[in-house]
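S.K.: Sequence:
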Amino acid sequence: MTARKRGVTERLTSVCRAPFPGQRTIAVINASKAAPERYDAASQTEAGPLHHEWSRMSQPAQKRSSIRNGTHDQLNNRIFFRLFQLGNVLQRQASSELGVTTVQWAVLGALSQDRYVDGMRFRDLAEYLVVSRQNLDGVLKRLQRDGLIERFADLDDRRSRIVRLTSQGREFWQDLSERIYEFYDQAAAHFKFDERIAFVHYLNELHKDLMKVKLTPSIHQKRLISTDVPD
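Per the numbering used here, the sequence shown runs over residues 4 to 234.
In case anyone wonders, no lab produced these hints; they're calculated from the structure.
Each hint should be verified, as a subset may be incorrect.
Said to hold, decoys possible - No farther apart than 20 Å at their CA atoms in a straight line, the calculated lysine to aspartate or glutamate pairs in the EDC-like style are these: (1) Lys211 x Asp157; (2) Lys144 x Asp157; (3) Lys211 x Glu130; (4) Lys144 x Asp127; (5) Lys215 x Asp76; (6) Lys144 x Glu174; (7) Lys144 x Asp159; (8) Lys217 x Asp121; (9) Lys195 x Glu185; (10) Lys144 x Glu130; (11) Lys215 x Glu130.
To be verified - Label pairs and their computed distance ranges (CB to CB): (12) His204 x Asp76: 29 to 35 Å; (13) Ile222 x Asp159: 44 to 50 Å; (14) Asp140 x His223: 28 to 34 Å; (15) Lys217 x Gln189: 36 to 42 Å; (16) Tyr187 x Arg136: 24 to 30 Å; (17) Asp140 x Leu89: 25 to 31 Å; (18) Arg161 x Ser98: 33 to 39 Å.
Bear in mind that the values here come from a model prediction, so they are computed numbers and not experimental data.
Beta carbons are placed, not taken as given, at the ideal position from N, Cα and C, and that holds for glycine.
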């Protein structure tokens, strides 16, 4: 085994170790070479699933999707749980180190773009940031109170409101953006340039696929939705 392959094996083995309740640690993947009989196609032992997962990676997605695999599910669970954790860590670190919430950060960044120098419709801003109008309204009230943004009626559509950075808001963003770039540098210090490009590609693909997800709600899901989400 080359050093590169050994490194990949070690990283995947580490990724697959599951600390969550009810999940078991996956055996060292490379053991398949030492004991290939343990990886018979009919076997679904702890040592087996990820070996088969590797061999299935070259199969079309539609073909793979019809095969339930415990390790496949665990990897997916790890990916999405890590995304959940990252979102929370980003929120905490942004508040601690930059003094803004991630939504405030996103709003100011969106409105600072040259194409929105004259402002952006409220509904377009909510759609662009993928946040609810209710949550966005609360954030805008705080930013408006601090003198960083202003809201006024759209002359072309009185039912719409325009959101725009104030001169104070632009000065604030200019200072904040310098600290944000330093924040980025430290947060992504271990990624090489080409790895960052690949990461953006995978995030874009995941975003597109997430937007396509459509499940039939169960009875329990319907109850939770009706209880937790206001009309």
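S.K.: If a hint holds in the structure, say so; if it doesn't, say that too.
M.R.: For each hint, the structure was consulted:
At most 20 Å may separate the alpha-carbon atoms for a hinted pair to count; Lys211 and Asp157 exceed this at roughly 31 Å. As the CA atoms of Lys144 and Asp157 are separated by approximately 18 Å, the hinted pair is consistent with the 20 Å bound. For the hint pairing Lys211 with Glu130, the CA-to-CA distance comes to about 15 Å; that is within 20 Å, so the pair holds. Proximity of Lys144 to Asp127 is assessed by CA-CA distance (about 17 Å); at most 20 Å being required, the pair is judged to hold.
Restraint check for Lys215 and Asp76: satisfied, since their Cα atoms lie roughly 19 Å apart, inside the 20 Å limit. In summary, the hint linking Lys144 to Glu174 is supported, as the alpha carbons are separated by about 19 Å, within the 20 Å threshold. Pair hint Lys144 plus Asp159 does not hold up; C-alpha atoms about 23 Å apart against a cutoff of 20 Å. Using a Cα cut-off of 20 Å, the hinted pair Lys217 and Asp121 is violated, with the two alpha carbons roughly 37 Å apart.
For the given pair, Lys195 sits about 16 Å from Glu185 by alpha-carbon distance, which is consistent with the 20 Å threshold. Taking the CA atoms of Lys144 and Glu130, the gap is near 18 Å; set against the 20 Å cutoff, the hint holds. The hinted pair formed by Lys215 and Glu130 meets the criterion: a straight-line CA distance of about 16 Å does not exceed 20 Å. Range check, His204 to Asp76: about 24 Å between beta-carbon atoms, so the 29 to 35 Å window is missed.
The supplied range of 44 to 50 Å is met by Ile222 and Asp159, whose beta-carbon atoms lie about 46 Å from each other. Checked against the hint of 28 to 34 Å, the pair Asp140 and His223 passes, with Cβ atoms roughly 31 Å apart. Separated by about 38 Å at the C-beta atoms, Lys217 and Gln189 satisfy the suggested range of 36 to 42 Å. With their beta carbons about 29 Å apart, Tyr187 and Arg136 fall inside the hinted range of 24 to 30 Å.
Take Asp140 and Leu89: their Cβ atoms lie about 26 Å apart, and the range 25 to 31 Å holds. A C-beta distance of roughly 36 Å is found between Arg161 and Ser98, which places it inside the suggested range of 33 to 39 Å.
Of the hints listed earlier, those the structure fails to meet are numbers 1, 7, 8, 12, in rising order.
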